[in-house]
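Residue numbers (the working numbering), protein chains in the order written: chain A, 1 to 131; chain B, 1 to 133.
If you are wondering where the hints come from, they were derived from the structure by calculation, not from laboratory data. A portion of the hints provided could be inaccurate.
Label pairs and their calculated CB-CB ranges [claimed, not checked]: (1) B/115 <-> A/100: 26 to 32 Å; (2) A/36 <-> B/126: 28 to 34 Å; (3) B/6 <-> A/100: 31 to 37 Å; (4) B/115 <-> A/60: 34 to 40 Å; (5) B/11 <-> A/2: 44 to 50 Å; (6) A/9 <-> B/107: 30 to 36 Å; (7) B/32 <-> A/23: 16 to 22 Å.
The C-beta atom is built at its ideal place from N, Cα and C for all residues, glycine as well.
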Amino acid sequence: MPIDASLVGRAFPPTSPVPVTTEAVTAFATAIGGGATATVPPTFPIVVTFAALQDFLAAEQVELSRIVHGDQRFRYERPVVVGDVLTATLTVTGVRSIGGNDIISTSSELTDATGALVCTATATLVHRGGA
Amino acid sequence: MTALTPGAALEPLTYEITRADLVAYAVASGDHNPIHQDEEIARAVGLPGVIAHGMYTLALVGRAVAAWTDEAEVLELGAKFVAPVLVPAEGAARVTVAGTVGDRSDDGLLTLALEVTADGTKVLGAPKVTVRA
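Work out the full structure: start from the sequences and follow the hints.
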């Protein structure tokens with residue numbers, strides 16, 4: 001099913017708040033092969049970004065297995081720290097079709113409990129068409 | 001730690017990714033896309049086999065940057081995922097992160113020019129890293 005191009009510009013509802021706990025950071029750091037660390041890995045904000053992407057895909061009834069991550073960029077206003085509670089709000093910034101695949105561009109603003117911007121996460125998803 | 005002089009080569013760092021790592025990463029990140037776990041599903045959607053999360057590879061870049069810069073604050077991090085990192089059922093994929101120190105701006109921000117490969121194939125395109133170092 002092609003992705004509806006009229007989604008461009010639409011902001012989706014914010015995700016549920018995601019608390020940045022020591023346990024979550026340790027599990028993430030361990031999974032990427034690092035040890036326990038006091039520093040939150042710079043890609044840790046993918047956790048809340050992915051929640052926003054997943055909410056969007058569910059809303060559009062897109063099957064996750066047909067999605068491949070094409071591009072991911074983070075721009076940080078400040079480092080994420082344990083104790084933060086992050087919420088992501090995703091906007092669709094582009095939809096185009098190339099060779100039977102839909103290329104979906106998104107931008108998510110990650111804010112903390114005070115509403116301050118912590119990180120902007122842009123993601124491009126490739127929706128693989130075909131059978 | 002490498003001296004962060006513009007133009008200096010950064011010591012290449014190689015990391016391994018196993019299927020067990022992908023299982024742990026799925027749990028830790030929330031990304032349970034079966035193309036990172038299940039050979040049959042990966043092949044059914046036209047992939048050559050189980051592939052690592054693109055974000056796993058980008059996380060390894062984050063580790064390399066932390067090692068090179070003594071955990072400097074990261075201001076920008078990103079890349080295109082231009083080729084899949086195939087992770088075999090037995091053994092591991094090997095990802096190498098190499099690069100050179102780029103320009104330093106007047107306000108003390110440093111860019112790193114990176115080359116990220118898996119078993120010799122370039123897997124990240126236009127990687128962008130800016131740190132305060």
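Do the hints match the structure? See the list:
For residue 115 of chain B and residue 100 of chain A, the hinted distance range of 26 to 32 Å is satisfied, since their beta carbons lie about 31 Å from each other. As the Cβ distance of residue 36 of chain A to residue 126 of chain B is approximately 32 Å, the hint placing it in 28 to 34 Å holds. Here the CB-CB span from residue 6 of chain B to residue 100 of chain A is close to 44 Å, at odds with the stated 31 to 37 Å. In this structure, residue 115 of chain B and residue 60 of chain A meet the distance hint of 34 to 40 Å, their C-beta atoms being roughly 36 Å apart.
One distance hint, 44 to 50 Å for the beta-carbon pair residue 11 of chain B and residue 2 of chain A, holds here, with the actual separation near 46 Å. Evaluation of the 30 to 36 Å hint for residue 9 of chain A and residue 107 of chain B yields a pass: the beta carbon distance comes to about 33 Å. As the Cβ distance of residue 32 of chain B to residue 23 of chain A is approximately 19 Å, the hint placing it in 16 to 22 Å holds.
When the structure is compared with the earlier hints, a violation turns up for hint 3 alone.
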